[in-house]
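Numbered continuously in the working numbering, the sequence shown closes out at residue 345.
Treat the hints with caution; some may be incorrect.
Said to hold, decoys possible - Here are the simulated SDA-like cross-link-like pairs (lysine to any residue), alpha carbons at most 25 Å apart as the crow flies:
1. LYS173 / LEU245
2. LYS173 / PHE197
3. LYS240 / PRO264
4. LYS126 / HIS141
Source of the hints: derived by calculation from the structure; they are not laboratory data.
No experiment lies behind these values; they were computed from the predicted model shown.
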Amino acid sequence: MANNNMDDINLECENDNDNKISSEKRLVDDIIENNIEEIKKKEKDNKEKDNKEKDNKEKDNKEKDIMFNIKNGLCDLEKTLDGEGYAYSNLTCRKKGIDFIPKSITRYIHLKYINLSHNNINDLVHLYFLPNIIFLDVSYNMLKEIVELKKEYLKNCIYINLSHNLISHMNNIFLKNLLEFNISYNTINNINIYISNTIRILNLSNNNIKNINFKNKLNNLLDLDISFNPIENLDFHTLMPNLVVLRINDNSTISMDKLNNLNNFKCLQSLFMQNYLYFKNISYKDVKEILLQNSKDIHLLKFNGNRLNKKTDHIEQADVNK
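Please work from the sequences and hints to get the whole structure.
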C-alpha cells in the first residue's frame with residue numbers, strides 16, 4: 024500500500040514537472056513570437072520610412088528638374104504693374120515631360136502668358152492663385168477633372184485652353200473675366216454647370232455631350248462649337264440669345280425635324296453643319312430649301328462658310344458635305 028502511494032506521488036510530481044516545462048515552453052514561444060512580430064513591425068516601419076524618404080527625395084529632385092525647365096522657359100521681362108520693378112511675364116514650357124506644377128511657381132506672380140501644353144500635368148491648383156494670368160494653355164496634358172473655378176481664381180484670365188486632355192467632369196466656372204474657353208477633345212458628357220457669362224467663344228467639340236443645359240444664361244456668347252458630339256436637339260436658344268456663330272459639324276443625332284429650332288436663334292448669322300448625316304445624300308437644292316425653311320425668321324447669312332443668299336434663293340458654292 025505504501026509503495027502504491029509513493030508511485031502516485033512520484034507520478035503527480037512528474038506531471039507537475041511536465042506541466043511546468045510545458046508552461047515555460049509556451050511562455051518562451053510567446054516571447055519569441057512577440058519578438059519576431061515586433062522585429063517584423065520594426066522592419067516594416069523602417070522600410071516604409073526608407074521608401075517615404077526615397078519618394079520625397081525623388082519628388083524633390085523631380086521638382087528641381089521641373090523648376091529648372093520653368094526657369095528656362097521664362098521670357099519677356101516687363102515692368103510690373105505697380106511700376107516698382109521688372110519681372111518675367113511669359114512662361115513657355117512645352118514638351119518637357121512635366122508631371123506636376125510645383126508650388127514654387129507661385130513666386131512668379133507677374134506672369135501673364137503661360138503655355139504648358141504637351142506635358143503630363145494632372146493638376147492646375149498652383150496656377151489658380153497667379154493673379155495676372157491673361158492667357159493659359161494647358162492643352163495636351165493628363166487632366167481628368169477641373170475643380171470649381173472660383174471668382175478669386177485667375178482673376179484676370181481671358182483665355183483658357185484645356186483641349187486634348189482626359190477631362191470627364193466639369194465643375195462650375197465663376198471666372199469673372201473669361202472671354203474664350205476651349206475644352207474640346209475630352210470625354211465630357213454633362214455640362215449642367217454654371218459658367219461665366221462673360222464668355223464670348225466656347226469650344227465644346229469632340230466630347231460626349233448630348234444636351235446643352237447650362238445652369239445660367241450666356242448673354243455674351245457669340246460663337247459656340249459643339250461639333251463631333253451626340254447632340255440630340257437645338258432647343259438651347261434661351262441660354263444664349265445673342266449667338267452669332269453655331270458649329271455642329273459631323274452630327275448624326277439631330278433629326279431633320281429638330282432643325283426648325285434654328286428659327287429661335289434670332290441673332291444667328293453663320294451656321295456650320297459639315298458632314299451632317301441627313302444632308303449627305305441630298306442635292307444642294309434640297310439642302311437650300313431645308314435651310315431656308317428652317318431659318319426664315321432669322322437673318323442667316325452663311326452656311327459652312329459660304330454666303331447664303333435668300334433674295335436670289337440659292338446658296339452660293341455651298342459644299343454641304345465638305
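Against the structure, the hints:
no., hint, in the structure
1, LYS173 / LEU245, "holds, 23 Å"
2, LYS173 / PHE197, "holds, 5 Å"
3, LYS240 / PRO264, "holds, 8 Å"
4, LYS126 / HIS141, "holds, 20 Å"
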